[in-house]
Structures are given as C-alpha cells and as structure tokens.
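The chain contents come next:
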Amino acid sequence: MGFVVLVNPPAAESTGIVCYETLETSVNRHIRRWPLILTTLVWLSCVGCIPQHPEGNVVDDLGRTVTINQTPQRIISLAPSNTEILFALGLGDRVVGVTEYCNYPEAATAKPKVGGFSTVDIEKVVSLEPDLVLATHIHGKTVIPALEEVGLTVFVLAPDSIDGVLNSITLAGTITGQHQQALQLVNNLRTRVEEVGNKTRNLAPDQRPTVLYLTWHNPLMTAGSGTLADDLIDKAGGQNIAYDISGDKAIDLETVVHRDPQVIIASVGMGTGEDLPWQYAKTEPRLENTQALVNRRVYMIDGDIVHRPGPRITDALDLMAQFIHPEIF
Amino acid sequence: MALEVLKDRTVPKTTTVYPLRWRSRTYAIVGLVLILGMAVMATSAIGSTDIPLSTLCQVLLAKLPFVELKPTWASSVETIVLDIRLPRLLLAGLVGAALAVAGATYQGLFRNPLADPYLIGVAQGAALGAVIGFLLPASWQAASVPLLAFAGALLAVAVVYSIARVGKTLPMTTLILAGVALGAFLAAITSYLMIASGDKLHGIISWLLGTFSLTSWWQVTMVAPYVFVGTVVIWLHARPLNVMQLDEEQAQQLGINVERMKLILLGAATLITAAAVCFCGIIGFVGIIIPHAVRLIWGPDHRFLLPLSTFAGAIFLILADTAARTVLAPTEIPVGVITAFLGAPFFLYLLRQKKRAIF
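Protein sequence lines correspond, in order, to chains U and E. All residue numbers for the first sequence refer to numbering that gives the first Met the number 0, where the first residue is 0 and numbers rise by one. All residue numbers for the second sequence refer to numbering that gives the first Met the number 0, where the first residue is 0 and numbers rise by one.
You may find that some hints are simply not true.
Below 35 Å or equal to it, Euclidean Cα-Cα: the simulated DSBU-like pairs (lysine-lysine) are [to be verified]: (1) LYS62(E) x LYS281(U); (2) LYS281(U) x LYS248(U); (3) LYS69(E) x LYS281(U); (4) LYS198(U) x LYS234(U); (5) LYS234(U) x LYS140(U); (6) LYS123(U) x LYS110(U).
Residues of chain U clear of chain E, computed beta-carbon distances all greater than 12 Å [unchecked claim]: (7) GLY55; (8) THR108; (9) GLU122; (10) VAL125; (11) HIS136; (12) SER160; (13) ASP162; (14) GLY163; (15) GLN180; (16) ARG189; (17) ILE240; (18) ASP251; (19) HIS257; (20) ARG258; (21) ASP259; (22) GLU273.
Honestly, the hints are just simulated from the structure, not real lab data. Glycine is no exception: its CB is placed at the ideal position from the N, C-alpha and C atoms.
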C-alpha cells in the first residue's frame with residue numbers, strides 16, 4: 000500500500016495526516032522494500048513538478064538535526080521572518096499559527112496567534128496540532144525544549160546575513176517539500192543581490208560613505224557587526240560607523256558625533272507610524288554639524304524589512320543602496 | 000547594635016567636646032567639594048573619543064567671558080565636550096546628590112538602615128508613569144515620559160502618605176508597609192504594560208535600569224532647581240533629624256514638632272528623588288549605600304552626614320556614569336548596573352574594615 004501512496008503523492012496529501020500515519024506503519028512493515036521506495040523517491044525528486052517528500056534528517060540553523068518524515072501540512076511560525084518565508088514559498092494555506100507580530104503579508108494577520116515573539120503560548124501551539132514548528136534563535140533555550148517535550152517537530156531558521164537568508168529559504172523549501180519554489184525564489188533574490196553587489200563591490204574605501212543605522216533614539220541604538228543591517232550596509236556600498244560594536248547595542252552619542260556619519264538611516268515602524276528615531280536624528284542639535292545633517296542625508300527605512308531575515312531583505316538592500324549611493328542606483 | 004551606636008553619637012553633647020571631630024568633618028566637606036570639582040574636570044576629559052587635555056582646557060576657557068581664543072579644534076570636539084559630556088556629568092552629579100541626600104533623610108526618618116529613597120513608592124510610581132509615557136502616541140513621548148514619571152512618583156507617595164496617616168500622626172511602620180504594598184501593586188501594572196509594550200520594551204528597560212545617555216542642557220536646568228531647593232531644606236533640618244533619632248516621643252518632649260518635621264522631610268526627599276529619576280530612570284544603590292558609607296567613615300551626625308552624603312553621592316554617580324560610557328565604548332552600559340557592580344564591593348569592604356576596627 001505504501002508503494003501505491005508514494006507513486007501518487009498528491010492523493011496522499013489530500014487525505015491528510017491520518018493517511019501518513021498508515022503510510023509510516025506500512026513502510027515499517029514492508030521494510031524490505033526500502034531500496035525500491037528510495038529509488039522512487041529519488042526519481043520523483045528529479046521529476047520536480049510533483050511535490051517531493053522531504054529527505055528525513057535536516058540540520059537547522061542552530062545545528063540541530065531534525066528528522067522530518069512527511070511533508071508538513073500544519074505549520075506554525077514563531078517569527079515574522081519565518082511567516083514571510085512560508086508565504087513566499089506558497090505555503091500560506093498550510094500555516095495554521097503565527098505570532099502577534101506577523102503583519103506581512105496581509106493574509107498572515109488572519110491566522111490564529113500563538114503569542115508574542117519570545118512569549119509563546121505552548122498550550123495554544125499544541126492545540127493547533129502542528130506537524131512542524133518554525134522557530135528562531137531566541138527560542139533556543141526555553142521554547143524549543145518545551146515544544147520538543149510534547150513531541151512536536153521544531154526547526155530553527157536563524158540567519159544573520161543576506162547569504163544566510165537565502166540559505167534559510169532553501170532549507171525551508173527542503174523541509175516543506177517546496178524545493179522548486181524555493182529554488183526559484185532564491186535565484187530571484189540572488190540576482191537582485193548580485194545586481195547591487197556588482198555596482199558596489201569594487202568601490203574604494205573612500206567611495207564608501209560612512210553610515211549610522213539607528214534603530215532607537217533613547218538610548219541611541221544601532222546595529223553593529225554580525226547583524227543583518229550591518230551586512231546590508233556593507234553590500235549596499237557603505238561603511239557602518241558601529242563596526243566595532245557587535246550585535247544590536249547602544250552607541251554613545253559622543254562616538255556618533257566624532258565618527259561623523261555621512262548618511263543616517265533610521266529604522267521606523269511603518270505599520271505603527273512611529274518614526275521617532277528619524278525625527279530624533281533630524282532634530283538633535285548635537286548632530287547638526289555631522290555631514291549627514293549638513294547634506295540632509297537622513298533617511299528612514301521600514302525596520303521590518305531590515306531586521307526580518309526574510310524574502311523582503313532584498314527590498315531593504317535596494318533601498319539602502321539608493322540611500323547610500325543615489326548617484327549609481 | 001547599630002542602633003546603640005546611633006544613639007550613642009547622634010547628639011553631640013557640646014561643640015567643645017569633640018573639637019577634633021568637628022574640624023576633621025569640616026575638612027571632609029571641603030575636601031569632598033574639591034574632589035567633586037576635580038571629578039567634573041577629570042571626567043569631562045574622558046570618553047570614547049580621545050580629546051587631549053590641552054584642547055579640552057582651551058575649549059572650556061574659550062567659553063569664559065573676556066577670553067578670546069581662536070578655535071584650533073574641530074567643531075565636533077566642542078559639541079562633544081560642551082553639549083554631550085558636560086550636561087551629562089552635571090546631571091549625573093545632581094541625581095547622585097539628590098538620591099544620596101534623600102537616602103540619608105529616609106534612613107534618618109525611618110531610623111532604619113534598609114531605607115532608601117525608593118522605599119515608599121517613588122520608584123514604582125515613577126516607573127509606572129514612565130511606562131505609560133512610553134505607550135502614549137509617539138509625538139508626545141519626549142515630554143510625557145519625564146512628566147508622567149515625575150507625577151507618578153509624587154502621586155504614589157501622596158497615596159501612601161494618606162493611607163498611612165492615622166488622625167494627625169504618621170506611624171512610620173505603617174508608612175513603610177503601605178509603601179511596600181502600593182509599590183508591589185504599581186509594579187504589577189508596570190510589568191503587565193511592559194509585556195504588552197512590544198517593540199518599545201527596549202526603551203523602557205533601559206529607562207528602568209537608569210541611563211544618562213542623551214542628557215542635554217535643558218534637562219539639567221529642569222532638575223537643578225528641585226535638587227538645590229530640596230537639598231537645602233533637608234540640610235537645614237539636620238538638627239531636628241538628629242534629635243528624632245532618640246525616639247519620636249522624646250523628640251516631641253524636647254520641643255520638636257515631629258509630625259511637621261516628618262511632612263517637611265518626606266516632602267523634600269520625595270520631591271528631589273522624583274526630580275532625579277524622571278529623566279534618567281531608576282538608578283539603584285546610590286541612595287542606600289552612600290549614606291551608609293559616609294556614616295561608617297564620618298559618623299551619624301546629620302549636620303555632617305547630609306552634606307557629606309550629598310557631595311559623595313554626586314562624586315560617586317559621576318564616576319559611575321563615566322565608567323558606564325567608557326568601559327565598553329563605543330557602546331554603553333546602563334549606569335544602574337555600574338552603581339551596583341562597583342558600589343557593592345566597595346561598601347562590603349568598608350563594612351568589613353569598620354567591623355574590625357569598631358564593632
């Protein structure tokens with residue numbers, strides 16, 4: 000029976016989870032047929048147009064080996080970036096739960112909420128009966144053990160660079176059986192990254208404007224090395240003035256004045272209409288004599304597209320490139 | 000044991016009995032004022048940006064009237080010294096002074112070594128006010144956070160005061176208990192609002208830990224009058240505060256209007272604490288440790304304890320804030336972290352030293 004199901008996967012998918020359980024037990028029973036089944040699997044994945052089965056053991060972004068036996072049908076996303084990736088892979092229908100912060104795409108807001116970002120309601124997650132939970136690095140110590148305790152499959156996507164985002168999208172495609180969509184999406188995104196990279200790669204250091212990326216104004220918060228924003232600034236042809244700070248941290252106003260950024264990019268919450276950091280940067284009298292203010296180069300960018308390691312990262316890259324190098328973009 | 004020592008020394012019998020003591024304490028005050036001045040000078044030369052001492056002196060001299068100096072320095076240097084470092088360390092000094100003298104006052108009033116300026120709800124009231132301020136529409140935030148923090152602090156203490164008041168008297172134990180209970184209640188609301196605050200959480204936490212980042216001159220000029228007036232009022236009541244160390248009843252019999260004294264001192268200490276925390280947040284530890292350290296070194300006479308605490312608090316917080324902005328430069332640490340990290344071991348050391356010598 001297992002063989003029949005495998006040859007005709009779409010039928011299996013339409014019948015849902017129960018069918019997969021039967022599939023698994025029957026596979027166990029007919030253990031001698033493994034070589035045949037595997038060959039079929041490999042052949043199917045070469046065909047490409049039929050949704051493939053995920054390959055079993057996959058290593059996630061935290062280095063955990065996660066075993067996924069069946070194509071996940073009920074997926075919960077614990078991070079806005081994961082939600083965006085899932086929808087971009089055409090998996091919107093299979094998403095059964097998201098966080099309160101998942102505001103993109105529009106359709107995601109209608110999904111059941113399983114809590115905030117770090118405050119996950121485990122009970123709610125369990126009640127939605129997911130067969131895959133997509134977490135991120137902040138869930139590592141607390142939420143993931145709790146979810147595994149109740150027998151859920153948790154996979155972590157936690158990229159901290161543009162390349163990492165592309166890799167995560169590929170991984171997400173692999174474990175959800177959307178290889179083809181992932182491949183297409185990643186190729187698109189990579190082309191756009193390359194387009195920007197081609198123009199900025201060979202810029203001499205003095206052609207790279209110094210950039211202050213401001214995430215909050217009181218205290219002044221910036222994104223140092225090892226963050227997505229830092230990678231974006233670099234790829235967009237700028238130099239982050241917070242090069243010696245690692246991660247998202249406060250930066251001394253004195254340092255900002257001294258390093259005299261040529262461009263200030265303030266992240267704002269477009270959805271909430273809060274542009275406080277941008278307002279602050281434009282009006283702070285002590286920044287008045289920095290090159291950025293003298294030349295009126297204080298820009299705002301939607302913080303969501305910069306900080307979320309999702310498919311919109313290239314939108315952020317394009318915008319950053321325009322801000323930093325208006326003459327070539 | 001501590002109380003016996005307190006009783007022993009609080010009321011100096013006459014000025015002639017301890018002439019040496021008097022003189023050394025007066026020297027101590029003068030010394031601390033000098034150290035304060037030097038601390039201001041020295042710390043304005045320290046920061047994430049290297050500014051040579053000569054340049055620093057020139058920048059400062061050029062600001063004096065009748066001094067004509069041709070600027071040989073970049074305009075950013077002037078901004079850094081005059082508009083970033085100076086207001087910041089002056090506010091740190093004011094807040095340190097306010098918290099320390101308020102702490103000494105509370106400890107004296109409550110005759111309790113565990114008392115600190117946040118004992119009867121100031122911190123929790125200010126925190127709730129500030130968090131509400133953070134949650135208000137963005138355009139109001141700059142003004143609403145300090146304003147609501149100030150109002151929240153005063154309101155919380157006013158409520159505690161009116162709850163604890165029995166007829167015309169104010170039992171101090173009831174006041175503490177009411178303060179602790181209301182504080183817990185307000186903290187619960189604050190915690191809930193923080194959980195619900197989403198992406199503003201970082202700003203809130205940083206405020207709650209206390210930070211002088213982004214201090215500008217207008218904040219200094221707002222806080223200074225409260226601190227000056229409040230501190231002077233407290234200093235002037237040092238003698239009655241000494242007498243009140245005996246016992247409230249005895250103090251009353253000795254001609255002190257105890258209830259009025261409590262109201263004035265509580266009011267002044269609360270007002271300067273509220274003014275201190277409203278811009279920079281809840282900076283812990285200064286208010287409890289500085290008065291104790293001063294008491295351990297120079298004795299419990301409030302006529303000296305209060306001014307010495309004021310200056311020591313200012314020096315301590317200026318140094319702590321300098322550490323906060325330079326240790327991990329160019330990033331910053333909340334100053335509250337530094338005050339506890341540096342202050343606690345120093346205080347334990349003092350405690351140990353004195354324990355060997357006196358107790």
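Which numbered hints does this structure break? 17, 18, 19, 20, 21, 22
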